[in-house]
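For the record, the sequence lines run as chains U and Y. Counted from 1, the first sequence has number 103 at position 103 by the numbering used here; the numbering is strictly sequential. Counted from 1, the second sequence has number 183 at position 183 by the numbering used here; the numbering is strictly sequential.
Quick caveat, the hints were computed from the structure, so don't treat them as lab data. Since we're looking at a predicted model, the values are computed, not measured. Heads up, some of the hints might be wrong.
[Stated by the list, open to error] Non-contacting residues of chain U with respect to chain Y, defined by C-beta distances greater than 12 Å in every case (computed):
| hint | residue |
| --- | --- |
| 1 | PRO12 |
| 2 | SER51 |
| 3 | ARG106 |
| 4 | GLU121 |
| 5 | VAL122 |
| 6 | LEU211 |
[What the hints assert, rightly or not] Restricting the straight-line Cα-Cα distance to at most 35 Å, the calculated cross-link-like pairs of lysine-lysine (DSBU-like) are:
| hint | chain 1 | residue 1 | chain 2 | residue 2 |
| --- | --- | --- | --- | --- |
| 7 | U | LYS215 | Y | LYS19 |
| 8 | Y | LYS197 | Y | LYS121 |
| 9 | Y | LYS107 | Y | LYS121 |
| 10 | Y | LYS211 | U | LYS127 |
| 11 | Y | LYS244 | U | LYS127 |
We put the CB at the ideal spot given by N, CA and C, even for glycine.
In case you want the letters, here they are:
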Amino acid sequence: MNFNVMLQTMIPGMLRSFGIFSLTLLGALPLGMIVALLKKSRFVVVRGIISAYISIIRGTPLMLQLLVWYFGPFYLFRMNIGDWRFPALIFGFVVNYAAYFAEIYRGGIESIPVGQFEACEVLGYTKSQTFMRIILPQVIKRIMPAITNEVITLVKDTSLAFTLAYSEVFSLAKQISASQTSFTPFVIAGIFYFVANYVVAFIMSRIEKALDYYK
Amino acid sequence: MILEMNNIRKHFDGMEVLKDISFGVDSGEVVSIIGPSGSGKSTLLRCATFLETIDGGEIKYMDQVAAHTDEHGNAVYVGNHELHKFRSYCGLVFQQFNLFPHFSVLKNLIDAPVHVQRRSKEEATETAMELLAKMGLADRADAYPFQLSGGQQQRVAIARALAMKPEILFFDEPTSALDPELTGEVLKVIRQLAEVKMTMVVVTHEMPFAKAVSNRVLFMDGGVVVEQGDPHDVFDNPQEERTKQFLSVFER
Chain U
1 MNFNVMLQTM IPGMLRSFGI FSLTLLGALP LGMIVALLKK SRFVVVRGII SAYISIIRGT
61 PLMLQLLVWY FGPFYLFRMN IGDWRFPALI FGFVVNYAAY FAEIYRGGIE SIPVGQFEAC
121 EVLGYTKSQT FMRIILPQVI KRIMPAITNE VITLVKDTSL AFTLAYSEVF SLAKQISASQ
181 TSFTPFVIAG IFYFVANYVV AFIMSRIEKA LDYYK
Chain Y
1 MILEMNNIRK HFDGMEVLKD ISFGVDSGEV VSIIGPSGSG KSTLLRCATF LETIDGGEIK
61 YMDQVAAHTD EHGNAVYVGN HELHKFRSYC GLVFQQFNLF PHFSVLKNLI DAPVHVQRRS
121 KEEATETAME LLAKMGLADR ADAYPFQLSG GQQQRVAIAR ALAMKPEILF FDEPTSALDP
181 ELTGEVLKVI RQLAEVKMTM VVVTHEMPFA KAVSNRVLFM DGGVVVEQGD PHDVFDNPQE
241 ERTKQFLSVF ER
């Protein structure tokens, strides 16, 4: 198999990697915000559940969580769901990354000076107006570096999908490398991840610049 | 009376910060509150503007009761919907300005009138530009707070409070975060407001200013009003020992 053929064979894998990446962000960014807001609930039970969730999810390997999601329904609950591979993968990634995003959001919100909240209160803004119009825009600017870190990590973490035998780019690289006894597929995969992260870093830096219209 | 605070009690974690404060403000009056740190001046202002809740006493705006004490001795506030109306009566200028950094100066002034008071953008912009012109900041309407000096930011903060057309304007040490050169421009604005009979309560350490501009001065210490009256009486002829002690520090 020559280089071009290897590359062609791996392209579907690259698309699948991109699929995991986008769906995870689409799910985890909003879910993380919900979790962060729930963590400030006035009900102790809610706060407790959320804290436990964040602690367990951040405290165990994502690889392990993917296996739990995939095998859990059948072995723990005796449920047979059919084609569960892809949904399990996405649930696993989204729930995992939401925990990290939740803590980033919390840090961002807590770094906003209390005076901003008080000015809103005195001016008569409702709680949701305060959050959406005044607090959240400032939080987004503050958390961009931390979010960038997580997104870059996510690009590389998509390779963990090989645990569930999902053919994203890393799995394919492994297969082709084994069958062709060549290291080249890994080089191709490496270049793919590097280029993907370069694009991510570029986009995030543009976003940071756009938000730099104020200090 | 625009504002009546009667027998206000407030404690934080068991420590009594306001011990039975009563005072009122009439339309067009300028009341200065002076006193050492920890005397409860800021807390009193924060209770008046509903940033803190009182533990006892009565708060009335325009003869309407916002909070009172029930038969068990607990402070009871009106519902959220009504409280909204009371909040619209008062404006507060903070020591730290608290402008919205991600909004331009103009947007800082029109955002609340448009989204809280539901006024039209055109009307809010007109009011905002008039206020900025009075402050001498009309040319900075599109600047962002970080581009302005402290004195300019505080004047924008005053304009932001005025844009809501409050009945009474509170100032919590408006010049304490400013260096002496910038203090003057802010005091000038407050003086102008006094001249057009804006009802105001100013917590300040600027004694000459308090003496010149107020109709009445309150000296607070340890959670009580120790002395109050006409500025010339309180400053030139203090009756209480604590007042004399406090004021002597300023006569260097």
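Verification of the hints:
{"no.": "1", "hint": "PRO12", "verdict": "43 Å, holds"}
{"no.": "2", "hint": "SER51", "verdict": "25 Å, holds"}
{"no.": "3", "hint": "ARG106", "verdict": "20 Å, holds"}
{"no.": "4", "hint": "GLU121", "verdict": "6 Å, violated"}
{"no.": "5", "hint": "VAL122", "verdict": "5 Å, violated"}
{"no.": "6", "hint": "LEU211", "verdict": "9 Å, violated"}
{"no.": "7", "hint": "LYS215(U) <-> LYS19(Y)", "verdict": "42 Å, violated"}
{"no.": "8", "hint": "LYS197(Y) <-> LYS121(Y)", "verdict": "27 Å, holds"}
{"no.": "9", "hint": "LYS107(Y) <-> LYS121(Y)", "verdict": "10 Å, holds"}
{"no.": "10", "hint": "LYS211(Y) <-> LYS127(U)", "verdict": "39 Å, violated"}
{"no.": "11", "hint": "LYS244(Y) <-> LYS127(U)", "verdict": "45 Å, violated"}
Of the numbered hints given earlier, the model fails hints 4, 5, 6, 7, 10 and 11; all others are met.
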